[in-house]
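Taken in order, these protein sequences are the chains called Z and G. Per the working numbering, the first sequence starts with residue 455, numbered consecutively. Per the working numbering, the second sequence starts with residue 201, numbered consecutively.
Keep in mind that the hints were calculated from the coordinates and are not lab data. Glycine included, C-beta positions come from ideal geometry on N, C-alpha and C. You may find that some hints are simply not true.
[As the list claims (entries may be wrong)] Here are some of the chain G residues that sit facing chain Z, going by a computed Cβ distance under 10 Å:
id, residue
1, G222
2, P381
3, P424
4, D466
5, A467
[What the hints assert, rightly or not] One-sided and incomplete, this derived list gives chain G residues near chain Z with beta-carbon spacing under 8 Å:
id, residue
6, G219
7, V221
8, L414
9, A418
10, A419
11, A427
12, A429
13, R435
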Amino acid sequence: MTITLNDHLATAEVVICCGSGGVGKTTTAAALGMQAAGLGRRAVVVTIDPARRLADALGVPGGLTNDPVRLDLDAPGELWALMLDTASTFDGLVRANAENAEQAERILANRFYRNVAGSLSGTQDYMAAERLHALHQDDRFDLVIVDTPPTRNALDFLDAPNTLARFIDHPLFKMLMLPTRRGLKVFNLAAQPVLKTIGRVVGGDVLTDAVAFFQAFSGMETGFRERADDVIALLGSDVSRFVLVASPRADTIEEAQFFATRLQSSGLAVSAVVVNRCTPTFGEPPSKRPRAAAQAALHDNLVELRATADAERAHAAHLLACDALANDVHTTFVPTLSGDVHTMEALTTIRFLLFPPTR
Amino acid sequence: MDPLQFVSTVRVAIVAGKGGVGKTTVTGVLARAAIRRGLRVLVVELDGKPTLEELVPGLEVQHISASAALGEYLDTHGLSRVTRRLTSSGIIDVVATASPGIDDIVVLGKIKQLERSGVYDLIVVDGPAAGHAITFLLAAKGLLATVRGGPIATQAADVAEMLADPARCQVVLVTLPETTPVNEALETAAALRERVGVHLAPIVVNAVDEGPLLDEQAAKEGSPMRAAAEFRNARRALHASERTRLTEALELPQLILPQVPGSVLDADAVDRLADTWAPS
Chain Z
455 MTITLNDHLA
465 TAEVVICCGS
475 GGVGKTTTAA
485 ALGMQAAGLG
495 RRAVVVTIDP
505 ARRLADALGV
515 PGGLTNDPVR
525 LDLDAPGELW
535 ALMLDTASTF
545 DGLVRANAEN
555 AEQAERILAN
565 RFYRNVAGSL
575 SGTQDYMAAE
585 RLHALHQDDR
595 FDLVIVDTPP
605 TRNALDFLDA
615 PNTLARFIDH
625 PLFKMLMLPT
635 RRGLKVFNLA
645 AQPVLKTIGR
655 VVGGDVLTDA
665 VAFFQAFSGM
675 ETGFRERADD
685 VIALLGSDVS
695 RFVLVASPRA
705 DTIEEAQFFA
715 TRLQSSGLAV
725 SAVVVNRCTP
735 TFGEPPSKRP
745 RAAAQAALHD
755 NLVELRATAD
765 AERAHAAHLL
775 ACDALANDVH
785 TTFVPTLSGD
795 VHTMEALTTI
805 RFLLFPPTR
Chain G
201 MDPLQFVSTV
211 RVAIVAGKGG
221 VGKTTVTGVL
231 ARAAIRRGLR
241 VLVVELDGKP
251 TLEELVPGLE
261 VQHISASAAL
271 GEYLDTHGLS
281 RVTRRLTSSG
291 IIDVVATASP
301 GIDDIVVLGK
311 IKQLERSGVY
321 DLIVVDGPAA
331 GHAITFLLAA
341 KGLLATVRGG
351 PIATQAADVA
361 EMLADPARCQ
371 VVLVTLPETT
381 PVNEALETAA
391 ALRERVGVHL
401 APIVVNAVDE
411 GPLLDEQAAK
421 EGSPMRAAAE
431 FRNARRALHA
441 SERTRLTEAL
451 ELPQLILPQV
461 PGSVLDADAV
471 DRLADTWAPS
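Modelling step: build the complete structure from the supplied sequences, incorporating the hints.
Now the structure itself:
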């Protein structure tokens with residue numbers, strides 16, 4: 455029997471919403487949080503740079519911050535929300551993991567570190583993963599819902615725990631830390647003039663900063679790597695669910711398909727699919743096209759919308775037929791609203807479209 | 201006035217907009233329409249998705265990847281002997297991280313090179329995804345502020361010169377006629393003008409549901425025909441009011457692309473969309 459999205463929300467400890475940009479992922483994550491609170495869960499939604507309107511819709515007039523705030527909701531459970539601030543999350547981790555305050559300050563002041571913390575693509579995903587780790591262990595919450603960053607290919611989040619590992623396993627890092635290790639010695643010799651030449655080409659002390667960063671980071675990598683392993687294990691365990699968010703557009707469907715395949719190759723599976731912004735259906739048109747012009751126009755409109763809706767469903771069915779998605783994966787089609795989603799009411803409407811109340 | 205006129209006067213058009221607004225579609229339609237005007241067109245793809253070759257048959261497309269461009273750049277600047285080792289050891293990553301924007305500069309530098317070659321009348325750039333357009337275009341200014349001397353600083357200066365010249369380069373913003381996309385387009389337009397200092401071409405409003413309002417009253421209340429008409433009218437009213445808001449808030453000519461029924465965008469659909477701008 456199909457496990458519904460609602461069943462997943464009732465039992466999961468982690469829900470990851472993934473999909474390409476512009477498909478309503480953040481709105482979906484917020485609506486899932488509302489439903490979870492309705493089920494009595496203590497849920498926290500981690501959003502990544504939501505439009506201010508979502509913060510407004512959630513009833514947080516000043517906007518969301520890096521610390522979870524509890525939302526005013528009439529529900530048996532609780533709904534909390536936060537907006538991930540990549541740089542300050544990273545700073546906090548450095549402070550918590552440094553051997554002493556002096557090491558922390560040396561790293562925080564380093565220009566290379568500031569670039570990594572503030573702008574390196576992948577750092578955002580990595581910090582979302584770190585945040586997930588911390589929130590999952592936080593006693594205030596029993597469900598963490600993550601709205602993944604709108605990445606170029608929607609896959610980076612899975613690689614995120616490896617992002618920093620890639621840096622600390624970097625040959626340059628190893629070279630500096632283990633200058634006498636045999637295999638790297640040749641490289642070490644060759645590297646010095648290389649560093650100088652690169653400096654000449656790109657200008658300034660670009661690499662001096664990097665070298666200083668790697669030296670300052672020494673000794674902290676174990677903690678980072680352990681947490682990365684924890685997150686990978688958490689994502690792969692049976693308390694985690696992946697919800698694929700798409701729209702009926704060809705490009706987002708392709709991306710969703712690609713994502714499902716990618717999850718499968720990592721030994722993970724999509725638990726549920728949400729297809730947003732579908733053309734709504736309004737029932738069958740009368741069997742005969744009315745003769746009066748005004749009615750004929752309404753008839754044609756109904757037929758046209760129906761054809762569009764059918765084409766969208768057929769396309770979505772094509773997505774669902776791919777090998778990486780189990781036959782019985784629970785799928786919800788959410789129709790386009792006639793307006794924009796930027797009020798609590800609209801969000802509530804989305805919630806009840808996702809989870810129709812039983813009569 | 202013909203809002204498409206700019207394709208004949210500018211050399212580089214950078215298509216920008218948030219994810220999901222249809223940048224790639226607009227890139228294809230713009231290229232198609234320019235070709236119909238007899239221009240020699242090149243499309244530059246930064247995303248690495250080989251979709252445009254399928255959408256516009258016969259179109260000349262170049263894919264530029266940041267890391268490959270950076271490697272190539274270091275190659276031609278006295279590092280050819282060690283570039284392969286730099287790439288395999290990941291030092292290219294470190295250079296890119298140590299100097300954010302350097303990869304953007306080499307990509308923009310390649311585009312500038314193509315522009316200077318004079319081979320093409322128009323180069324359409326399918327801009328970076330997920331709203332990185334501002335960071336991408338600010339890279340030149342950022343680097344000029346931090347890097348003193350050296351070939352990369354020269355490159356950044358050349359790129360900045362190109363971006364500031366409306367005869368050489370303009371940005372084509374893409375949006376949808378809905379509330380949040382219009383707000384985002386207004387913010388992006390302000391940032392591009394004030395912070396980057398680049399000239400804005402006509403803004404493209406994509407997927408517009410045009411048409412007269414339907415006479416809802418002609419069908420019985422609660423009937424499928426009535427409900428469908430109410431939905432359609434609400435959408436059309438939203439699109440009309442958002443276009444009005446855009447017109448009032450942003451002094452730019454608008455290029456409209458109608459909503460394509462169905463969900464499949466293929467070469468035929470791009471061709472039909474190009475008809476609305478440049479009849480064949």
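Taking the hints in turn, this is what the structure says about them:
The closest approach between the C-beta of G:G222 and any C-beta of chain Z is roughly 9 Å, which is under the 10 Å cut-off, so the hint is satisfied. Among the interface hints, the one on G:P381 holds; its C-beta lies about 8 Å from the nearest C-beta in chain Z, closer than the 10 Å criterion. Below 10 Å, beta-carbon pairs count as interface contacts, and G:P424 has one with chain Z at about 4 Å; its hint therefore holds. Satisfaction of the interface hint for G:D466 is found here, the shortest Cβ-Cβ separation to chain Z being roughly 9 Å, below the 10 Å cut-off.
A cut of 10 Å between beta carbons decides the hint on G:A467: the least distance to chain Z is about 13 Å, and the hint is violated. Given hint, G:G219 at the interface with chain Z, holds; its Cβ is 2 Å from that chain's nearest Cβ, closer than 8 Å. Proximity of G:V221 to chain Z holds as hinted, the smallest CB-CB distance being about 7 Å (cut-off 8 Å). Residue-level restraint check for G:L414 holds (minimum Cβ-Cβ distance to chain Z is 6 Å; threshold 8 Å).
Checking G:A418 against chain Z by beta carbon gives a least distance of about 4 Å; that is within 8 Å, so the hint holds. Satisfaction of the interface hint for G:A419 is found here, the shortest Cβ-Cβ separation to chain Z being roughly 5 Å, below the 8 Å cut-off. Interface hint status for G:A427: upheld, as the beta-carbon distance to the closest one in chain Z is roughly 4 Å, under 8 Å. The beta carbon of G:A429 comes within 5 Å of a beta carbon in chain Z, closer than 8 Å, and the hint placing it at the interface holds.
Below 8 Å, beta-carbon pairs count as interface contacts, and G:R435 has one with chain Z at about 6 Å; its hint therefore holds.
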